[in-house]
Amino acid sequence: MKSVQEKAWSFPGHPEKEIERNEFTVAKGEDVIGRLAVIRLEKGDTLPDIARHFGLGINAISTANPGVDIWVPEAGESIMLPLSFILPDAPRKGIVVNLATMRLFQYKEDDKSLVVSTYPVGVGTKERPTPRGQMRVARKATRPTWHVPASIAEDHRKKGDPLPAEVPPGPQNPLGEYALYLSKSGYLIHGTNKPASIGLKATNGCMRLYPENVKKLYNDTPVNTPVVIVNQPYLIGQRDGVLYMEAHTPLEGSGTVEQEKVYAKLRNIEDKSARTLDWKKVKEVQTEARGIPVPIFEIRQGSEKEVPKPIKVEHPDKLYGKPEIPELRLDAWYVLAADVREEIDALRIAAIINHQGPQIPARVLSRNKGYRVIAGPFNDISEAKDAAKRLKIDLDIDGILIEPVQKG
Amino acid sequence: MKRSLLLISMMLVLPVTLIGCATSGDLEKVQAEQKLIDAKAEQALQDAQAAKAAADAAKLRADETSARAEDAIKAAEERERIADEKAQKADAAFQRSMRK
Chain A
46 MKSVQEKAWS FPGHPEKEIE RNEFTVAKGE DVIGRLAVIR LEKGDTLPDI ARHFGLGINA
106 ISTANPGVDI WVPEAGESIM LPLSFILPDA PRKGIVVNLA TMRLFQYKED DKSLVVSTYP
166 VGVGTKERPT PRGQMRVARK ATRPTWHVPA SIAEDHRKKG DPLPAEVPPG PQNPLGEYAL
226 YLSKSGYLIH GTNKPASIGL KATNGCMRLY PENVKKLYND TPVNTPVVIV NQPYLIGQRD
286 GVLYMEAHTP LEGSGTVEQE KVYAKLRNIE DKSARTLDWK KVKEVQTEAR GIPVPIFEIR
346 QGSEKEVPKP IKVEHPDKLY GKPEIPELRL DAWYVLAADV REEIDALRIA AIINHQGPQI
406 PARVLSRNKG YRVIAGPFND ISEAKDAAKR LKIDLDIDGI LIEPVQKG
Chain B
104 MKRSLLLISM MLVLPVTLIG CATSGDLEKV QAEQKLIDAK AEQALQDAQA AKAAADAAKL
164 RADETSARAE DAIKAAEERE RIADEKAQKA DAAFQRSMRK
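Line order of the protein sequences matches chains A and B. In our numbering, each residue's number is its place in the first sequence (first place is 1) plus 45. In our numbering, each residue's number is its place in the second sequence (first place is 1) plus 103.
These are computed hints drawn from the structure, not numbers from a lab. Since this is a predicted model, take the numbers as computed values, not measurements. Misleading hints may appear alongside valid ones.
Only pairs whose alpha carbons sit at most 25 Å apart, straight line, appear in this in silico DSS-like list of lysine-lysine [stated by the list, open to error]:
hint, chain 1, residue 1, chain 2, residue 2
1, B, Lys-132, B, Lys-143
2, A, Lys-367, B, Lys-192
3, A, Lys-434, B, Lys-192
4, B, Lys-155, B, Lys-143
5, A, Lys-204, B, Lys-132
6, A, Lys-414, B, Lys-192
7, A, Lys-88, B, Lys-143
8, A, Lys-138, A, Lys-229
9, A, Lys-414, B, Lys-132
10, A, Lys-88, A, Lys-357
11, B, Lys-192, A, Lys-437
12, A, Lys-171, B, Lys-189
13, A, Lys-138, A, Lys-171
Chain A extracted, bound-state conformation (with noise of 0.2 Å):
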């Protein structure tokens, strides 16, 4: 049996347009969805860019690809897009969300088969983590406004960026333009003004999804849906046949708990097909944790050729979501956010900056020993003040104003 977790993703033949990165029918009996697939990156490109057009969250496509710089990865290098999920140990109805691989599954089921819908998420921070167990969608509301709870509204006073008692409908709102409460009171699932979080441990409880996504979830599911959140980071599955293994970064202080769950499956497994496992496989899948199914075990002996390898994908002419920026004006303000010497810092800055929420538009302009990081343009001094203090407050640059070169 052919492992697919081998480095050297080169592949032959001509890559596929389309890959299917949300939708998926479940067979009977299977417990593995989707095909892993590869990229060729171009010039520009960063991972959280690759990860939204492709439906991913932020961890899966950094753990699939360990040592490739999340933003600023080498043109020309080839990654791996881990759209193969394992699903949750979990009731197939409704929605589930599991915690460690921070991805939700919706159920959809008709006369004649199982479809599931996946997206990734993100997810409640170490301090304030989502709670787990089982719930249902209480209410839904588009546009909603969020009100502040009492303890962000004190992180914020802190930082010196004091938040009103409500935020409307709008880019500054956290929520996004879709939010379902959950019966739990005070968690929801929403979209985000902060699409580059999804895939990160970010929030205060409450699981938010790419704006895209949040939409169809939003159409597609029906106040009194049940909601369960697991946390799985082990997750073991069928398909063909073959036993495959998807491990994740335990969530702290639940490895060894959830280490031994899964070991107890396995031993079951082994014990019903009076063969021996090997277990020196399993350890590595679960020590490298790239959050990949992996062909650990033939259930039915002779399933070589059934393992499926990852498909060549095209690289598209725009990916959907990637900020953009304006071109430079002489009209306009503009902050000075960095002068180093290395273009590699200042790209990575640009692109950090660009991919806040709401985005700040970034570039680098080079000159002759270094390279300068710069903010904008902003139509008058009070927006790239309002950036300035953004930059300070979240990022901690120390921005410089420019002002305009013409006077407009």
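Let chain A serve as the given structure and place chain B on it in line with the hints.
Then chain B, alone, in the frame of chain A:
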């Protein structure tokens, strides 16, 4: 008695004469050989000294090269460490900025 004495004297003188002749002839030969050997020794010594000097010089160069290579590796590692540190710092700041 006289004849006996003469015979004894002849027996003593003859070998001495013979020995004297052999020593002077060989001495020249030996001296010539010694010179040759000495010259060879001198050459060998010079060769050995030259070889040692060359070896020492090569070792010195190798040591210097090795030291330079080590310095270069250390400098590269330091650059890499600084770059990693910068990247990690930038990423940590980014992750913080993604909170509400």
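**Item:** Satisfaction of hint between Lys-437/A and Lys-192/B, Cα-Cα up to 25 Å
**Value:** Distance of about 15 Å is within 25 Å: holds.
Pair hint Lys-204/A and Lys-132/B, alpha-carbon separation not exceeding 25 Å:
At roughly 104 Å apart (the allowed maximum being 25 Å), Lys-132/B and Lys-204/A break the hint.
Checking one constraint from the list: CA of Lys-155/B to CA of Lys-143/B, max 25 Å. Satisfied? Cα-Cα ~18 Å, so holds.
Lys-414/A and Lys-132/B: Cα distance at most 25 Å? Judged against 25 Å, a Cα distance of about 80 Å means the pair is violated.
Practice task
Assess, step by step, whether the Cα of Lys-138/A is no farther than 25 Å from the Cα of Lys-229/A, and give holds or violated.
Solution key: Cα-Cα ~19 Å, so holds.
Hinted pair, alpha-carbon criterion (25 Å max): Lys-414/A, Lys-192/B. Please report holds or violated.
holds (23 Å)
- Would you check the hint for Lys-367/A and Lys-192/B, treating anything up to 25 Å between C-alpha atoms as holding? Roughly 23 Å separates the two Cα atoms, so the pair holds.
Satisfaction of hint between Lys-192/B and Lys-434/A, Cα-Cα up to 25 Å
Answer holds: Lys-434/A to Lys-192/B is near 20 Å, not above 25 Å.
Practice task
Sort out whether Lys-143/B lies within 25 Å of Lys-88/A, counting only the CA atoms.
Solution key: violated (71 Å)
Given the hint that Lys-132/B pairs with Lys-143/B, test it: the Cα-Cα distance must not exceed 25 Å.
holds (16 Å)
- [ ] For the pair we were handed, Lys-138/A and Lys-171/A, check the Cα-Cα distance against 25 Å.
- [x] Measuring from Cα to Cα gives roughly 28 Å; hence the hint is violated.
Holds or violated: Lys-88/A to Lys-357/A, with C-alpha atoms at most 25 Å apart:
Holds, at about 18 Å.
Figure legend: structure checked against the earlier numbered hints; hints not met, in rising order: 5, 7, 9 and 13.
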